[in-house]
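Residue numbers (numbering that gives the first Met the number 0), protein chains in the order written: chain A, 0 to 221; chain B, 0 to 668; chain C, 0 to 98.
Honestly, the hints are just simulated from the structure, not real lab data.
No experiment lies behind these values; they were computed from the predicted model shown.
Cβ coordinates follow ideal geometry from the N, Cα and C atoms, glycine included.
One thing to keep in mind: the hints can contain errors.
Cβ-to-Cβ under 7 angstroms is the rule here; a few derived chain C residues that face chain B [stated by the list, open to error]:
(1) V20
(2) L21
(3) R84
(4) P87
(5) V90
(6) D91
(7) L96
(8) R97
The residues making up each chain are set out below.
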Amino acid sequence: MSAVFFFIGGLGAIAGAIGVVALRNPFYTVLALVAHLLSLAALFLLLEAQFVAAAQVIVYAGAVMVLYVFVVAYIGGQDEPLGMPGTGLKGAAMLAAGALFVELCIAMLGSGLKAIDSRGAALPADFGTPQQIGQLLLTKFLFVFEVASILLLVAAVGAVILARRRRGLEADEEEADAARRMIPSVAPPGTGSMAEGAGGVSLSPSPGEREKPKEPTPTGGW
Amino acid sequence: MSPTTWGWLVLVFPLLGLIVISLSWRRLPGRTAGYIGTSAIWLAFASAVGALVSLQGRVPADRQVTSTAFNYANSVGVDIKLTILIDPLAIWMMLIVTGVSGLIHLYSISYLGSDRGYARFFAYLNYFVFSMLLLVEAGNFAILIVGWAGVGAASYLLISFWYRRGTATEAGIKAFVINVIGDVGLVLGTYFIFKHTGTLDFLKTFDKAPDVFSSNEGDLVAGCVLLLVGAFAKSAQIPLHTWLPDAMEGPTPVSALIHAATMVTAGVYLIARMWPLFELAPSAEDVGAIFGCATLIMAATIALTQTDVKRVIAYSTMSQIGYMIMGVSVGAYSAGMFHLFTHAFFKALLFMAAGSLISAMAGEQSLDRMSGWRRALPFTFLSFMTGGLALSAVPPFSGFFSKDEILLFVGNLGGWHWALYVIGYIGALLTAIYTFRMIFRAFFGQPCEEAKELEQGHLAHAEPFNPQTGEKEDTDVGFPGPEHHIAERERPMRVAMYALAVGCVVDGLIQIPHVDNVVSNFLQPSFEASRYFGETEPDGLLIFGLALSSVLSIVGIAVAYRIWVQRPGTAARIRERFALPYRVLVNKYYWDEAYDAVIVRPLAAAGQFAQQTFERVVVDGLLVGGTTSVVRAGSATVRGLQNGFLRYYAALLLVGVAGVSLYFLLSSS
Amino acid sequence: MNVGWYLAVSALIFSAGAAGVLVRRNPLVILLCLELMLNAGNLALVAFSRMHGNADGQVFALIVMVVAACEVTIGLGLIVALYRRRLPIDVDELRELRG
């Protein structure tokens with residue numbers, strides 16, 4: 000019976016993953032990820048991790064994904080065109096991902112982990128219950144727990160600062176307009192502090208910024 | 000006080016003069032620098048006299064005294080100390096150097112009176128005298144080389160004294176380069192000798208030489224010939240003589256001091272000092288004699304055709320030094336030294352008088368423009384006559400006795416030296432001819448414009464110009480000053496010339512054959528055990544030589560008189576008839592052109608090639624450019640990795656992770 | 000099911016996420032693929048925890064979730080800031096930081 004649930008959960012997770020990668024509309028990708036997360040929660044339940052499964056649904060699929068949905072709604076879901084211009088690494092990247100997958104499989108299958116073929120150790124009765132997790136968090140992993148809290152605080156503060164409006168809508172828009180006008184022209188391709196510092200060798204021709212062509216040394220007479 | 004204490008004092012005074020003038024010249028008013036410089040040299044002369052008295056107070060066997068100030072370097076078998084050696088030969092040279100220098104300093108006080116570089120001149124002159132004294136007082140090869148280099152440097156500084164003249168700086172460089180060739184010869188010669196004797200000290204070397212070297216051994220001959228190279232460069236003998244005529248670019252006192260009386264005699268002194276080594280290497284002696292003789296006759300023939308009055312005297316110097324080199328090479332040490340002494344006097348006098356004459360001509364040095372100065376410059380004329388008579392070896396002037404003694408010695412040796420004897424007397428004839436050619440052309444005949452002006456009492460004036468090229472100059476620092484000073488009007492010049500003229504007349508008296516032997520007796524302790532020193536000459540050859548010499552000098556003067564005074568136009572006719580020899584002589588046997596073609600141009604071309612091609616293409620292009628372009632390509636490649644694309648970076652990360660986990664997989668299996 | 004199956008699923012999801020990061024151009028979607036990879040790690044952790052009978056893996060998974068949440072917050076904040084300044088929401092266009 001659990002095998003059936005495993006396959007349903009597993010397929011759902013994989014389908015969701017492929018959907019995230021393949022779907023063009025960002026809104027649909029968010030939905031695909033939500034499906035994936037719910038399937039993962041089912042898998043967690045199969046693995047006797049009740050609290051983690053609940054947290055997954057409430058926190059991850061619930062809060063984090065809602066945040067994503069809000070942002071996608073704000074920004075607008077444009078269908079993005081295909082292609083990977085300027086890098087030429089599409090093939091090599093896919094190859095590397097495939098290689099990674101293969102390596103992981105080899106690691107698992109070839110490693111001879113003893114219990115991998117088994118169904119797992121004998122479990123205590125309260126394995127994975129909120130009580131046990133809570134106890135662990137407050138005794139063995141107290142420091143980790145506290146640090147995680149600080150991390151959350153930092154992230155919250157950071158998010159507020161990042162998305163803050165400066166001086167009101169118009170000023171912001173003017174600023175943004177000015178920024179947009181400035182950015183493409185003040186720093187054409189081939190410039191920027193590193194490009195300048197390296198002497199102007201660039202992928203695209205630069206408008207003559209501090210180019211020093213090598214002159215032959217002047218031949219002084221006797 | 001011991002002779003060596005006096006010796007140190009002799010060195011100290013010119014050095015002090017140099018330091019005082021150099022440090023305080025801005026604050027010295029008027030001609031003070033000149034007085035300081037001159038007093039320094041006279042004090043040195045007094046100390047040299049003190050050394051003489053102190054040395055003569057010792058027994059003859061004890062007259063070679065050394066004194067060491069400190070040990071400079073002592074390692075790998077080389078022991079270099081600051082040692083001076085005071086012996087009769089050194090005292091002889093010291094007296095000549097300080098005495099004649101003192102008179103020339105006195106002359107310069109007024110001759111260069113209006114020159115903007117007055118203090119610099121006296122500082123350089125004091126530096127020169129210090130170096131020359133260091134050279135003659137040196138007690139070991141190292142100090143000799145130091146003094147040798149010092150006089151070379153002083154010569155360069157003084158030749159290019161008027162440094163804004165292009166011709167002067169070129170001449171200075173030419174002199175210095177040829178001097179350096181001599182320096183190399185000197186150092187290499189020292190090495191060859193040191194290799195066997197193991198010591199640089201003179202007295203120890205001379206002691207060990209007979210034990211360490213067999214006669215005419217290869218290394219010794221090589222060493223002595225290299226020493227000769229040094230001597231020839233310094234004394235302007237063939238083939239390293241081309242710098243001396245050009246050195247006339249310097250002020251006339253410089254020509255008098257360095258290029259007549261003292262520096263060019265350093266080669267003669269060197270050979271005389273090294274006599275124990277030369278007597279063990281007769282082949283080297285023969286080389287010296289032959290080159291001296293060749294120079295003697297070549298210079299005399301060239302002097303017949305030169306028109307620049309200073310260059311005539313310069314070639315005369317070259318010729319007379321040829322006599323001296325020939326003399327000390329064959330073993331006539333005291334005769335050579337005696338001729339050095341007399342020559343210093345009459346040559347310095349001739350140069351001083353020439354300086355006065357050139358001043359009267361407002362800077363013009365060409366004999367073609369001078370004539371009839373007899374009435375306008377009586378004192379200068381007398382000086383020229385005195386010096387000229389001494390130079391032409393007219394009895395009873397000093398040159399007669401000294402030159403004759405050398406030739407007597409040469410003739411006495413017999414064998415192939417008879418050729419040298421004959422050539423020596425031909426040279427004597429030519430000497431008389433060219434000397435009086437110069438005097439008759441300048442002082443006899445119709446007075447030229449400047450002479451007429453001076454007879455009215457008005458010293459000629461002209462726009463400043465370069466006597467060689469004629470280009471215009473100004474009178475600021477680096478060029479001669481605006482005023483010209485003649486002996487008739489300046490007392491210091493006259494006093495100096497008087498002293499030298501008196502010397503020209505009476506100097507011969509100290510070594511009249513069969514009457515007195517002051518020079519030989521004095522120098523005896525330095526040349527003890529020399530193979531040749533004690534030889535006496537047969538009377539027959541002596542009387543023949545004296546008679547021949549007198550006859551030749553009178554004949555020479557008469558010939559010159561006939562050609563240039565009695566029958567004007569003779570000279571032009573002779574020049575037409577012998578046009579080709581004339582051209583060869585006027586162009587100085589084309590030595591300069593030969594050197595230019597064989598050495599200077601190829602070297603310049605090599606330098607040009609090195610700079611233009613090798614430097615630019617190989618070094619800059621391949622080596623420097625190559626390495627930098629490799630680095631640049633490498634960094635460009637690495638820089639290409641940072642192209643700003645996020646996904647590219649992520650891909651690199653992924654590739655890295657895959658690689659690392661592959662490694663771990665493989666290493667754990 | 001034995002634990003190996005869960006690990007296989009985890010590996011697949013991880014590789015898919017990695018491929019997604021490389022292929023997509025919308026930074027939002029790239030973040031989503033990052034989430035995929037984190038979740039794959041979570042799955043592996045919980046699977047191992049089940050295998051050993053030790054709840055430490057689950058605690059780790061919880062903390063990973065916390066970290067993922069923080070990271071998403073900041074990432075989305077960045078994207079909103081980009082949008083506010085009218086910059087193109089395309090990682091291929093945003094390449095000022097280059098050598």
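The hints, checked one at a time:
Using the Cβ-Cβ criterion of 7 angstroms, the hint placing V20 (chain C) at the interface with chain B is satisfied: the shortest such distance is roughly 5 angstroms. Here the hint on L21 (chain C) is kept, as its CB sits about 5 angstroms from the closest CB of chain B, short of 7 angstroms. Checking R84 (chain C) against chain B: minimum C-beta separation of about 17 angstroms lies over 7 angstroms; hint violated. The criterion of a C-beta within 7 angstroms of any C-beta in chain B is not met by P87 (chain C), whose closest approach is roughly 13 angstroms, and the hint is violated.
With a cut of 7 angstroms, the hint placing V90 (chain C) at the interface with chain B holds, because the nearest CB-to-CB distance is about 4 angstroms. Taking 7 angstroms as the C-beta cut-off, the interface hint given for D91 (chain C) holds, the closest approach to chain B being about 6 angstroms. Annotation: L96 (chain C) was flagged as interfacial toward chain B, and the flag holds, the nearest CB pair being 6 angstroms apart, inside 7 angstroms. Interface restraint check for R97 (chain C): the shortest CB-CB distance to chain B comes to about 3 angstroms, inside 7 angstroms, so the restraint holds.
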